[in-house]
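Colleague: Sequence:
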Amino acid sequence: MSSDDFRIAFHIGAHKTATSHLQRSLLRASDELVEQGVRYYGPDHFRLPGRTISALFGLRERRAKRPPQDQLALMRKGADRIVFSEENFIGTLAHTISRDIEFGYPNANIKIAQLSRALGKPIDLFLSVRNPTAMINSIYSQLLRGNKILDFEDFKAMVPMTRGDWADLVTRLRETPGVGRLVVWTYEDYTALFDDICLAMLGTQITPVAHHVNPRLSAQAVAQILAQNDAGMQGELAKDAANAFPVENGFARFDGFSDREHDFADMAYRAQVDAIREMPGVTLLSQAVD
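Each residue of the sequence shown is one higher than the last, beginning at 170 in the working numbering.
Bear in mind the hints are in silico, worked out from the structure with no lab data behind them. One or more hints might be untrue.
[Unchecked claim] Quick list of in silico lysine-lysine cross-link-like pairs, DSSO-like style, CA-CA up to 27 Å:
| id | residue 1 | residue 2 |
| --- | --- | --- |
| 1 | K234 | K246 |
| 2 | K246 | K317 |
| 3 | K325 | K280 |
| 4 | K246 | K280 |
Given the sequences, and given the hints that come with them, work out the whole structure.
Modeller: In structure tokens, the structure reads:
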């Protein structure tokens with residue numbers, strides 16, 4: 170294979186769409202993938218000090234250790250395909266409670282354009298989308314698990330659902346210079362589409378890890394965390410509450426939204442997915458209909 174004859178695939182998230190499950194599956198299969206000409210790099214690589222995508226490929230003001238294309242060649246190691254997976258590249262959703270969270274990923278297209286220019290090649294993008302109320306509930310659980318404790322109503326004000334327009338995000342990405350293929354699927358179909366996702370991203374299939382990762386907290390667990398925090402208690406409040414009231418033992422998952430809010434979100438989400446399905450140059454993976 171010539172030095173330029175390879176593909177770059179980038180799984181950009183989104184957050185809370187079974188990204189950890191997919192990444193752990195890819196990591197476990199990484200040796201097998203190398204034998205098939207695929208090099209995979211995920212959060213286990215990109216979240217080490219000095220190894221973020223921005224740092225490695227010179228997207229920050231600080232000078233990178235080597236030119237971006239040399240860095241890419243070093244990581245590629247002659248593979249037919251190099252696959253990145255790092256949802257934090259296009260924006261962060263659970264790292265702060267002091268400012269608005271980047272719901273909707275307003276800078277995603279800008280960052281992807283910068284990366285493609287640095288690498289000198291088009292990038293195939295892979296994106297999963299999710300119903301916004303379920304996603305926000307899940308992000309809130311992740312915040313609590315990270316000991317960033319605040320009332321749900323305060324958190325919800327930081328992530329207004331109107332910002333989470335998946336059709337807008339996909340449109341912006343499709344219009345971004347340097348984007349090759351753009352493949353989208355819904356989180357709700359993730360399990361059924363796992364083989365199709367891997368085939369599109371990797372050119373082959375892998376075996377998924379056994380179970381999903383980072384489940385949502387139960388309503389009882391959230392109530393205990395907030396009560397203990399208000400009482401001035403410290404320590405691993407979320408871990409203790411999750412162990413005391415686990416969802417897998419039948420405790421109801423936390424849900425901070427009303428039925429009316431769910432109905433509105435469901436309607437908007439269906440419309441966005443329908444719009445994505447009709448977009449030229451976008452592949453929406455979906456289950457076969459008998």
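Colleague: Next, verify each hint and record whether it holds.
Modeller: The hints, checked one at a time:
Distance restraint check for K234 and K246: the Cα-Cα separation of roughly 18 Å lies within the 27 Å cut-off, and the hinted pair is therefore satisfied. Distance check on the hinted pair: K246 and K317 sit about 40 Å apart at the alpha-carbon level, beyond 27 Å; violated. For the hint linking K325 to K280, the alpha-carbon distance of about 26 Å falls within 27 Å, and the restraint holds. Between K246 and K280, the direct Cα distance comes to roughly 25 Å. Compliance with the 27 Å bound is thereby established for this hinted pair.
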